[in-house]
Amino acid sequence: DGGITQSPKYLFRKEGQNVTLSCEQNLNHDAMYWYRQDPGQGLRLIYYSQIVNDFQKGDIAEGYSVSREKKESFPLTVTSAQKNPTAFYLCASSMLGGGQPQHFGDGTRLSIL
Amino acid sequence: QQPVQSPQAVILREGEDAVINCSSSKALYSVHWYRQKHGEAPVFLMILLKGGEQKGHEKISASFNEKKQQSSLYLTASQLSYSGTYFCGTENNAGNNRKLIWGLGTSLAVNP
Chain W
7 DGGITQSPKY LFRKEGQNVT LSCEQNLNHD AMYWYRQDPG QGLRLIYYSQ
57 IVNDFQKGDI AEGYSVSREK KESFPLTVTS AQKNPTAFYL CASSMLGGGQ
107 PQHFGDGTRL SIL
Chain R
100 QQPVQSPQAV ILREGEDAVI NCSSSKALYS VHWYRQKHGE APVFLMILLK
150 GGEQKGHEKI SASFNEKKQQ SSLYLTASQL SYSGTYFCGT ENNAGNNRKL
200 IWGLGTSLAV NP
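One line per chain: the protein sequences are W and R, in this order.
Residue 7 is where the first sequence starts when you use our numbering, and the numbers rise one by one after that.
Residue 100 is where the second sequence starts when you use our numbering, and the numbers rise one by one after that.
Errors might be hidden in some of the hints.
Unchecked claim - To give an idea of the chain R side of the interface with chain W (calculated C-beta under 10 Å), a few residues: (1) 118; (2) 133; (3) 138; (4) 139; (5) 141; (6) 190.
To be verified - Not close to chain W: a few residues of chain R, all C-beta gaps over 10 Å, as computed: (7) 158; (8) 167; (9) 176; (10) 210.
Derived by calculation from the structure, the hints in this document are not laboratory data.
From the three backbone atoms N, C-alpha and C, an ideal C-beta is built for every residue, glycine too.
Bound conformation, chain R alone (with noise of 0.2 Å):
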């Protein structure tokens, strides 16, 4: 089942803050998070496992709600680089038969 990202999109001024949810109804071993630029490969922002880990990369960190199997992606103090469409993979078993399950992407626009 495929997992659902909110909002599906969102323009910020520069220096402004955002969340952006992916939300699965089973249960996740992962999510995984990338950022896609238009006509580019995506790229490899973080996972988190199951466990409710946060992590961090520069200003953008997660956090994973195994209760709510749902994670959040939050981007602080944006900046134009920040500019994309940002996407959630998620995992429901461990172990080698895995494939990622993407949700639909959210748009991210940072102005100056």
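So here's chain W without its partners, still in its complex pose (with noise of 0.2 Å):
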């Protein structure tokens, strides 16, 4: 079956340590993001990309970095640089062109130790 796989599930960070959460898809898609949802709020946009080694910042990229160096990975680094990095992170992914839906991955829960 065609899906998202996000890894791992539930994440523990240390204080000034860079976790790296995996997104992996089969879908064939090109377009892939990141998103970020704190308790009670929306999805909020950290990265995207369209194409393999390019990728745009969202509304909220300080102290994150992403890579695409393959069309099926997208992996979010959460650096010690992002101070408050607790929330639930959604992979997504989607076809190009307007009018398309994004598929989500089951998400990581990032925690601080």
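Combine the two chains into a complex, taking the hints into account.
Structural data, given as structure tokens:
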């Protein structure tokens, strides 16, 4: 079955540590997205990518970094510069072009130790 | 500009109807509707494209009023499984450089 796989489901970060969240899709989608969701809040865009080796900052990119070396993969690194990383992180993908639905992974819940 | 969803929360008894609105101050190309249950990923419901289209998904339907830049999601004869938070995502232009701007969500609780 095609879909998006995020791992791990739960992640704990120590002070000063960088952590990487994995996102893999086998839907052959060109576009991939990372969102952050805080309790009772909507989805805020961190980074998105529409083609391999290219990505754009979203609304809250500070303290995060991404790479897109393969079409299927779009890992997100939460760096030590992100002072408040505790949140639910969602990865999504879609076909290019307007009016295309986004398909979401099951999310990674990141907490501070 | 973030779309405004209303109401913020709704409590229904099973079998009752509800309407959730999503309004934007900018001209919209499309409106996307998703439902998210607690601790889970959002699930796609439907997309409305500009042109006043109306769509349906089982007992859930939606409309898009281009003049008002507003979409409404209609839930009829609600079921317990409809509980969750409903988000609209809006797209302001067509083409490949697309980002969705999300509303803050409407919490829907359906009780027996």
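Hint by hint, here is what the structure shows:
The criterion of a C-beta within 10 Å of any C-beta in chain W is not met by residue 118 of chain R, whose closest approach is roughly 19 Å, and the hint is violated. At about 8 Å, the closest approach between the beta carbon of residue 133 of chain R and any beta carbon in chain W falls short of 10 Å, and the interface hint on this residue holds. Of the supplied interface hints, the one on residue 138 of chain R holds, with its beta-carbon coming within about 8 Å of a beta-carbon of chain W, less than 10 Å. Interface hint at residue 139 of chain R: satisfied, since its Cβ lies 7 Å from the closest Cβ of chain W, which is below the 10 Å cut-off.
Because the closest C-beta pair between residue 141 of chain R and chain W is about 5 Å apart, less than 10 Å, the hint holds. Contact between residue 190 of chain R and chain W, as hinted, is supported at the beta carbon level, the nearest pair being about 6 Å apart and thus within 10 Å. Its beta-carbon lying about 20 Å from the closest one in chain W, residue 158 of chain R satisfies the requirement of being farther than 10 Å from that chain. No beta-carbon of chain W is positioned within 10 Å of the beta-carbon of residue 167 of chain R; the least distance is around 19 Å.
Under the 10 Å C-beta cut-off, the non-interface status given to residue 176 of chain R relative to chain W holds; the minimum distance is some 25 Å. No beta-carbon of chain W comes within 10 Å of the beta-carbon of residue 210 of chain R; the shortest separation is about 20 Å.
Hint compliance for this structure: hint 1 alone is broken.
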